[in-house]
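Sequence order for the protein chains is W and D.
If you want our numbering, it's the position in the first sequence, counting the first as 1, plus 271.
If you want our numbering, it's the position in the second sequence, counting the first as 1, plus 169.
Errors might be hidden in some of the hints.
[Said to hold, decoys possible] Over 12 Å on every C-beta distance to chain W, these chain D residues come out as not near it, computed from the model:
| id | residue |
| --- | --- |
| 1 | 178 |
| 2 | 183 |
| 3 | 200 |
| 4 | 209 |
| 5 | 240 |
| 6 | 267 |
| 7 | 272 |
| 8 | 283 |
[As the list claims (entries may be wrong)] Keeping only pairs whose Cα atoms sit at most 20 Å apart, straight-line, the calculated DMTMM-like set for lysine to aspartate or glutamate is:
| id | chain 1 | residue 1 | chain 2 | residue 2 |
| --- | --- | --- | --- | --- |
| 9 | D | 226 | W | 278 |
| 10 | W | 273 | W | 354 |
| 11 | W | 370 | D | 248 |
| 12 | W | 341 | W | 286 |
| 13 | W | 370 | W | 286 |
| 14 | D | 178 | D | 248 |
| 15 | D | 240 | D | 225 |
| 16 | D | 183 | D | 242 |
| 17 | W | 370 | W | 316 |
| 18 | W | 370 | D | 228 |
| 19 | D | 240 | D | 207 |
| 20 | W | 313 | D | 225 |
| 21 | W | 273 | W | 364 |
| 22 | W | 313 | D | 248 |
| 23 | W | 313 | D | 271 |
| 24 | W | 327 | W | 349 |
| 25 | W | 338 | W | 278 |
| 26 | W | 273 | D | 228 |
| 27 | W | 370 | D | 271 |
| 28 | W | 338 | W | 364 |
| 29 | D | 226 | D | 248 |
| 30 | D | 226 | D | 195 |
| 31 | W | 273 | D | 207 |
| 32 | W | 327 | W | 337 |
| 33 | W | 273 | W | 349 |
| 34 | W | 338 | W | 286 |
| 35 | W | 341 | W | 276 |
| 36 | D | 178 | W | 274 |
| 37 | W | 370 | D | 195 |
| 38 | D | 183 | D | 195 |
| 39 | D | 240 | D | 228 |
| 40 | W | 327 | D | 271 |
No wet-lab data here; the hints were simulated from the structure.
C-beta atoms are modelled at their ideal positions from N, C-alpha and C, and glycine is treated no differently.
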Amino acid sequence: QKEVEQDPGPLSVPEGAIVSLNCTYSNSAFQYFMWYRQYSRKGPELLMYTYSSGNKEDGRFTAQVDKSSKYISLFIRDSQPSDSATYLCAMSEVTGFQKLVFGTGTRLLVSP
Amino acid sequence: NAGVTQTPKFQVLKTGQSMTLQCAQDMNHNSMYWYRQDPGMGLRLIYYSASEGTTDKGEVPNGYNVSRLNKREFSLRLESAAPSQTSVYFCASSITQIRNTEAFFGQGTRLTVV
């Protein structure tokens, strides 16, 4: 079983929909959680970062961590066609980029 | 304002051939990384360099070698390519290895080994 599980999708939604992207993990020691967005044929770019539990909001994006359930979510409000991309979760026990364990990514398609 | 630049963008190799993937960053970052991305496997760390003059193995180092040529450049070498090394390779850099949030990826090299 992988340490980090992520549904590969694709997840297809109409423009304006609320999108929920999720990851589950097995290592209860993870405490740094990140979401990356990867456009087709591009490298990943950091979207959201959360330490430990709780919510974090940035514009239309909200990251949520539930450590008791070992479950993290990324919500996108008022989704736009430009949000069409693959979303990768990543997490680690300790700080250090080389320590990150990445999910496989969920492909999101937002249709006009 | 290039960020992290990888060359080449695409490459086809025959089994047994060798090649070097180049990576350069212009952000004065100390740490650099090589990942491979495969369907269903996610991003996996091959090697990283915490600072100029140091390199360390990641999760999947077998079949690869790296060189931190200077602070800007970090190359990945495949000595004898195998079909299992068909993948998309990403280079990344960060100001230090400690800071999770300040890492940037290049655009990737798509490598096919036939």
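Practice item. Below or equal to 20 Å on CA atoms is what counts here, so check residue 178 of chain D against residue 248 of chain D. Key: holds, 19 Å
Exercise for review: Given the hint that residue 341 of chain W pairs with residue 286 of chain W, test it: the Cα-Cα distance must not exceed 20 Å.
Suggested key: violated, 30 Å
Check your understanding: Would the pair residue 370 of chain W and residue 228 of chain D pass a check requiring their Cα atoms to be no farther apart than 20 Å?
Key -> Holds. Residue 370 of chain W to residue 228 of chain D sits at ~10 Å (cutoff 20 Å).
Point to revise | 20 Å limit on alpha-carbon distance, applied to hinted pair residue 273 of chain W and residue 228 of chain D | key: Roughly 14 Å between the alpha carbons, so the hint for residue 273 of chain W and residue 228 of chain D holds.
Point to revise | Restraint check for residue 273 of chain W with residue 364 of chain W, where alpha carbons must lie at most 20 Å apart | key: holds, 16 Å
Point to revise | Restraint status (C-alpha distance of residue 370 of chain W to residue 248 of chain D at most 20 Å) | key: It is violated: about 26 Å lies between the C-alpha atoms, which goes past 20 Å.
Exercise for review: Take a quick look at whether residue 273 of chain W and residue 349 of chain W sit within 20 Å of each other, Cα to Cα.
Suggested key: Roughly 32 Å between the alpha carbons, so the hint for residue 273 of chain W and residue 349 of chain W is violated.
Check your understanding: When you check the alpha-carbon spacing of residue 338 of chain W and residue 286 of chain W, does it fall within 20 Å?
Key -> violated, 31 Å
Review point. If you draw a straight line from the CA of residue 240 of chain D to the CA of residue 207 of chain D, is it 20 Å or shorter?
Key: Answer violated: residue 240 of chain D to residue 207 of chain D is near 28 Å, above 20 Å.
Practice item. Check the non-interface label on residue 267 of chain D: least C-beta distance to chain W beyond 12 Å or not. Key: Label violated. Min Cβ-Cβ 5 Å, cutoff 12 Å.
Point to revise | Holds or violated: residue 338 of chain W to residue 364 of chain W, with C-alpha atoms at most 20 Å apart | key: holds, 12 Å
Practice item. Take a quick look at whether residue 370 of chain W and residue 271 of chain D sit within 20 Å of each other, Cα to Cα. Key: holds, 14 Å
Hint compliance for this structure: hints 1, 3, 4, 6, 7, 9, 10, 11, 12, 13, 16, 19, 20, 22, 30, 33, 34, 36, 37, 38 and 39 are not met, and every other hint is.
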